[in-house]
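Trainee: Line by line, the protein sequences give chains A and B.
Just so we're aligned, residue 1 is where the first sequence starts under the numbering used here, counting upward by one.
Just so we're aligned, residue 661 is where the second sequence starts under the numbering used here, counting upward by one.
It should be emphasised that the hints constitute simulated quantities derived from the structure, not laboratory data.
Predicted model only: the values in this text are computed from it and were never measured.
Accuracy of the hints is not assured; some may be wrong.
Claimed, not checked - Derived lysine-lysine pairs resembling DSS-like cross-links, with alpha carbons at most 30 Å apart:
1) A:K375 with B:K933
2) A:K104 with B:K695
3) A:K101 with A:K375
4) A:K543 with B:K933
5) A:K72 with A:K152
6) A:K607 with B:K933
To be verified - Here are a few chain A residues that sit away from chain B, every Cβ distance over 10 Å (derived from the structure):
7) V21
8) D188
9) L263
10) T364
11) V414
12) L434
13) G453
14) Q513
15) P520
16) G537
17) L546
18) F575
19) L579
20) G603
21) P621
Just so it is clear, CB atoms sit at the ideal spot from N, CA and C, and this is done for glycine as well.
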Amino acid sequence: MFFFLFGLCCLAFGGVGALLVSSRRWSGILGAGGALVGCPIALIPVLEVLFRGEKLAFHHGWSVPYGSFFLKIDPLSAFFLLPILLLTAIAAIYAVGYLEKEEKQGSHWLFFNLLACSMAFVVVARNGILFLVAWEAMAIFSFFLVSFEDEKEEVRKASWIYLVATHLGTAFLLVFFLLLGQAAGSLDFDQIAAMSAHKTLPSLLAGTLFLLAIVGFGTKAGFMPLHVWLPEAHPAAPSHVSAVMSGVMIKTGIYGLLRMIPLLGKPEIWWAWLLIGIGLSSGILGVLFALAQHDLKRLLAYHSVENIGIITLGLGLGFLGVAVGSVPLTVLGFAGGLFHVLNHALFKGLLFFGAGSVLHATGTREMDRLGGLMKAMPWTGATFLIASVAICGLPPLNGFASEFILYVGAFKGVGSFGVLQSLPALAVLLGLALIGGLAMACFTKAFGVVFLGEARTEAAENVHEAGAFMKIAMVALSISCFLAAFLAIPIVKSLIPAIAEISSLPVETVAAQLPLATDPLLGLLLVTGILTLLFCGLWLLRKNLLSGRSVELAATWGCGYQRGSSRMQYSSSSFARPLTELFSPLLRTHDEITPVEGLFPKGARLKTHTPDLFQEIIYRPAFKAILWAIARLRWIQGGNLQLYILYIAATLLVLLIWKL
Amino acid sequence: MLLAPLLLGIINKTKAFYAGRTGQPLLQAYWDIGKLLGKGAVYSRSTTLLFRLSPSLILASMITALFLMPSGGLLSPLAFSGDLILFAYLLGLARFFTVTAALDTGSAFEGMGASREVLFSALAEPALFLSLAALAGLTHTYSLSAVYFGLNIEVWKTAFPALLLLVAALFVVFLAENSRIPVDDPNTHLELTMIHEVMVLDHSGPDFAFIQYAASLKLWLLGSMIVGILVPLRGAGFWLEEILFRLGMGLLAVLVGYVESSRARLFLPRVPKFIGSAAVLAALALLLVLR
């Protein structure tokens, strides 16, 4: 535990130091140095817990009522700490390159390092008050990071939306902890767990608490329809911040659910149904909206919603297993979901890094203005390709490994029990298949339009490759994507105690079912080996065949037309058009067309825009209604001092009478 | 499986028969591949290394998928629980690189083909997985080989409605995934109307040979799923099974040739409904299995 706290102190001091020194250079060294020293140190106990299965605890007195400064690293916390610390360290390396020319280094490093600390505190806090404090700190620090470029109006607007959304979520959590604390008589998680072990909560209360947790944690995680802040905040934040927020911060919502739901007693079957429903809506709608975007970072933000959906499908399967008493389903669902948490952190971090270096080089996030970047930016391009293959869930990378476990779980769930119980598993299966197909459409589009073909505008023509720091960070994450796939079996094995804790099953029972997940992974490793061998063999064969023969370069075949221009290429909107058209009832893409007119046409334009469905049909009308209601109360605010004193006196009087 | 390109020959011969032509020789696909392997290559100036790597990767993933697929009297050399998922995703990997290589050329036609390919395959994916789930549910196993060997005449006797629906669903997936009529016309002369063929326009020489061979392997792989269900003879001796399986594949190719000669290509916006019908059929089959 000492190492853990010491590591976090390094992070915090690095951040504070970066703020205090005046030179840009030193603040970068201090800030990034703090992260690079602190994270590995804090990782030592985390790995110890993960692979030895111990639990580390730390108690300290705290004078806050109902609060106690109680920290504990158990295997579940450790599994979430791993991506938090890893991605923070790599993002810090990236940030050094990304912020080279930036003036406000100090404040950035302060908030960045403190954000990492607060995330770590969220997953180790074992007291409701402490948890909420860390949760709130995390929201505030990330708000400051999102509003980093606050000279731009869109950034101010986006960070404001984020602040409102995250506080609405926290409000639900506040009620959740109040109710839970009242029922259990304490806010210490261990005592609540002890209480729920021998006394079941009334099912109405448990259900209400479950729904409150879903809304509260789901807002942070980005469950569709609570996701509206994601596509606003991620494009606005600096890219490494988007990487950390999307890669690990939103996962604290998933952590919260996994930590809290077992405290509510045995899950009921409708909880699993609801989770799977949320998983499907987030997954499928997330990828559909991603497909319709032409802002690269907005596309990635919607993809985080999709991946959260996949993770939630895993949780749903897991809780379904607990509810119906099927151990294989429990193990496969939770193992797949949790493993996907780690994997998503790796490849989504990498994708945001890639998007960041594209933005850095070209100054635009509009995919339709880019193109052909692979030639000038081979490192960024190759790493983005690796991440794209991983996020599409294609073998042999890590994205497939976790989705594979979920698929096996869904296959097991279909047909193991009656038709009605099979339906959720069937829904998971269908959802995963559809999400997989659409994600492929989405990432062939993103990668193809940005990096392949020819430059569409001048902005994409004279570009430079990312600097050394950014390259190191991107390569490190690419290697981790391969490693996570390669080490899938030990990683899944390290999840045994965490799964046992979530599902309140004995460790041995979980371990006995683990071959269900590891056998397919072993097969995957074998197939990866064969695939690699075959690929190398074929590549050599091709090389041999071509050596000594004529290999020419020519223009792309244009059906005989010789004067093709780069603007004739298929654009991101046209690539996605057949799909957006097919799903137009959901996507509601607007077109603004200035058609070709007359005998001597001047200019023609086509502009497409896909607004967020839920923002349009729920939030905008809801906020309008609230504004309207508040406006009715405006007469209370007279602006007259005497009137306000009267209010105070009246309130005091009422309270006095009430207490009598 | 060296026989795979023969399927193309049979399909083309059948089509020629219906059109009253002599048609190309049965072994034309082999001559094409052989000739291409002996040629040099021309690359577009727009392309990158990815374009050169992808044909080898596509063929490698198809051959790997072949390792997982049992056929005739042969068990697959690599069988493990869950390999049917990996099988579907290996086809996905090949598709990813076909599509990105097409986008690499920067040609509007290839972009158009790529866009349609991802649309149709995204819709075919749920149908394929529903069918796989139904097969797994029917035999209570999760590996292609085990499913294949679990499908015997006894299963046909008890679950023939579900199996017939599955064959229909898989046939639609087979046509869509292999870019045959009515989803895509491999023989058209207009780049605008093609899907698979237009994506590989710019490949040449050995690369194109790899792509052609990979395409014929895909035809073989998905075809052998259908034939595997339709010829439920297990344990009847290696040679008998082998011969019946081969015959089945040949008949399937004739059927494809017949469909191609007697049907026109569907209006593009209608294709999703056609593929969706496969998903519905597979879902019905699955419900029958679960009942």
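Trainee: For every hint, state whether the structure bears it out.
Mentor: Comparing the hints with the structure gives:
1. A:K375 with B:K933: The given pair, whose Cα atoms are some 40 Å apart, is violated under the 30 Å limit.
2. A:K104 with B:K695: At roughly 63 Å apart (the allowed maximum being 30 Å), K695 of chain B and K104 of chain A break the hint.
3. A:K101 with A:K375: 25 Å, holds
4. A:K543 with B:K933: Measuring from Cα to Cα gives roughly 43 Å; hence the hint is violated.
5. A:K72 with A:K152: 41 Å, violated
6. A:K607 with B:K933: 28 Å, holds
7. V21: 43 Å, holds
8. D188: 42 Å, holds
9. L263: L263 of chain A is indeed farther than 10 Å from all Cβ atoms of chain B, at 33 Å.
10. T364: 19 Å, holds
11. V414: At roughly 5 Å from the nearest Cβ of chain B, V414 of chain A sits no farther out than 10 Å, so the non-interface label is violated.
12. L434: 5 Å, violated
13. G453: 3 Å, violated
14. Q513: Holds, since 13 Å exceeds 10 Å.
15. P520: Given a closest Cβ separation of 4 Å, the condition is violated.
16. G537: 8 Å, violated
17. L546: 6 Å, violated
18. F575: 5 Å, violated
19. L579: L579 of chain A is in fact no farther than 10 Å from some Cβ atom of chain B, at 5 Å.
20. G603: Correct as stated: the minimum Cβ-Cβ distance to chain B is 20 Å, above 10 Å.
21. P621: 32 Å, holds
The structure is inconsistent with the numbered hints 1, 2, 4, 5, 11, 12, 13, 15, 16, 17, 18 and 19, although it conforms to all the rest.
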